[in-house]
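K.L.:
Below are the chains, spelled out letter by letter.
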Amino acid sequence: MTLKKVIKEEKTKKKSETFKNFQNKKPKVAIVSLTSCEGCQFALLDLGQKFLDFSESVEMVDFRLIEDEEDTGEKLDLVLVEGNPVTKENETLLKKVRKRSKILAALGNCAAMGGVPEIKNYQEGRNTIKHVYKYIQGINNLEIKEIDNFVKVDFVFPGCPINAEEFLFYIPRLLRGETPVIPDSPVCVECRKKGNRCLLLDKIPCFGPMILGGCDAVCPTAKMPCQGCRGLRPAGNIKAMRTTLQKMMTDEEFENMSEIYGLRDDLEDKLGETI
Amino acid sequence: MKIKINHIAKMEGHAGFMASVLSGNVKSAKIEVKEGVRLIEGVLIGRHFKDMPVIAQRICGICPVVHNLTSIKAIENAMGIVPTQETEKLRELLEWGQIIHSHALHLFFLSLADFLNIENDLKLVEKYPKETKKAIKIREYGMEIVRIIGGRVIHPLTNEPGGFKKAPNTEDLKKIVQKSGEILTEALDLGSFFQKISLPDFWRETEYISLSQSGKYAVYDGDIVSNRGLHIAVDKFEKNFLELQKQKEVVKKVEHNGKSYMVGAIARVNLNRSRLRQEAYNFVNNLGWKFPNYNPFNNILAQMTEVIQAICESATIAKQLLQSDLERVITEKYEVKEGQGSAAVEAPRGTLYYFVDIDARGYIKNVNIITPTAQVLSNLEDDIAVYIPGIMELNEKEKEKKLRAFIRAYDPCISCAVH
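If you read the protein sequences in the order shown, they are chains W and R. For what it's worth, the numbering used here labels the leading residue of the first sequence as 1, then goes sequentially. For what it's worth, the numbering used here labels the leading residue of the second sequence as 1, then goes sequentially.
In case anyone wonders, no lab produced these hints; they're calculated from the structure. All clues given are correct.
Below, simulated EDC-like cross-link-like pairs (lysine to aspartate or glutamate); rule was C-alpha separation at most 16 Å, straight line: (1) R:K401 / W:E69; (2) W:K239 / W:E255; (3) R:K34 / W:E91; (4) R:K337 / R:D359; (5) W:K134 / R:E249; (6) R:K401 / W:E70; (7) R:K397 / W:E70; (8) R:K365 / W:E124; (9) R:K133 / W:D53; (10) W:K130 / R:E249; (11) W:K134 / R:E243; (12) R:K50 / W:E253; (13) R:K4 / R:E398; (14) R:K365 / R:E338; (15) R:K123 / W:E56; (16) R:K319 / R:E86.
Turn these sequences into a full structure, and let the hints steer you where they fit.
P.N.:
Have a look at this one:
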């Protein structure tokens, strides 16, 4: 079943049914943000009424974007983590919320794959800071690492930013204690359904075939090639993809494009070599 | 005595506040930024210019549009690319859409509760369902504009140096025009609601800075002007404004003539109100303000004014675009050239400045990004230092509440400030 169909089915269920297993006791949820643009939180807020419905169906223990009350520090059923641990405080917070929560889900590309800040790892690493600051002493400048290097991650909402509709689809399952798996299907499936002409046919380098779908092919639909923010799909043929792309871009360009959303280290792992 | 707030919620990014007061005198008042450094300027160096708008817009999840636009304009200026008039109009419309949804978020969902003595937006929503609906509707209209033009709301996709990858379809542009009347009515209603809210009385003179243009209320283009007689072209920005980094500080604050200054909605309304559209002008006129207006809490009402302005402008621009050839927004071939370029656009929170230096292959040699929040943090601290003596009588909790409200009224964006 494609994601769209599943979403459609889920939408037709009544709200009470979707959330029925925890009607008596509302699950405790926190949304925390490490260093990031906070765009994934805003993607949630941008759902408007749908987000308010979600907020009312759970007990929102901590979501600093909408409330000014102190976090009580109580146990959580689910914590959503956005951003990347760039500071020591970020790292401590991440470990703390992991201990408090039954389920931890990464919210978006920065948490899951390192995001645009990870570019520094591929450049001058911790020396990149010298281009920005005159005084670098006393500034936290950790190497960028995905949050699963620090804590166990139970589920990933991929994307930069996340697809909020996808969030609404998986969240009830997570709250029921299930660990859903996003179907292994490339961006191309949704792209074709949209009736888009394949960018690769016009020799525009696009990572679509090796990247996990579920984004509604929002980028190629806007004629923006897929640059891989949702990460590699498990069954993608990366070697074949790389050969195809070699006809349209130099190795340097391939490398650069794979760095934007922190895909390069994952590609290297899969290809077993330095790209 | 010390006043310390660990974390200020309901604003973009992470920051706290610390002040020390000695026998009634404020010795220091400081916003403590707790955001990590993503080094966006650093990671852009050595990359191809085409990646710049994509990466730079990720500085901010609320105002990606303006980072995208400003980097594109700086690149175009560096390489001498002249976009079509249609492209510039479409970009301006995109920016107005951005201003609508960012302002609607701040004035209603982030700041309003402070003046109604509510600490949680879910409670605000419960207590003011009618107004909430209006705010959501207005916000959604702004988001819809960005979605129609940009392909999505957060981190839009179609805009690039030279033009757009894809033109919006006319049916969607018509929707912007058709809905504008209804949304304007909602905004005027919400405006009347805000008019009745009593905002704290506070006054401190400062310098207001914004873009300004003859004949229109500037957001996308113009010169940099102030209420103290400054009038310079955008490429003179770095000559006139000083970016300073103190040891261990991650925000490079900015000074003009050795002093703090203010940007954003309150600065723009002060400087450019005579160029507002009738509906917006009437709204601000009915507030009965004395100009220049130096109450920073009024930033919220200035934002409301701009929401009204933005709705009127959006409808007009969309109408003009419907009468033109939309294919002319599609990027034409251009030559990649070595060069330096600067640009400024009015972000929801104030003037956003970009500089870029590009080599002959199109790779970036140097970048500088100066955000609105980096520019206003010193002004905010100076304001608070004057504000604190007036609230010393209050108990600790109340004092803290007042300070949070003050800081939030500025609508700071800490992710932008650090970037």
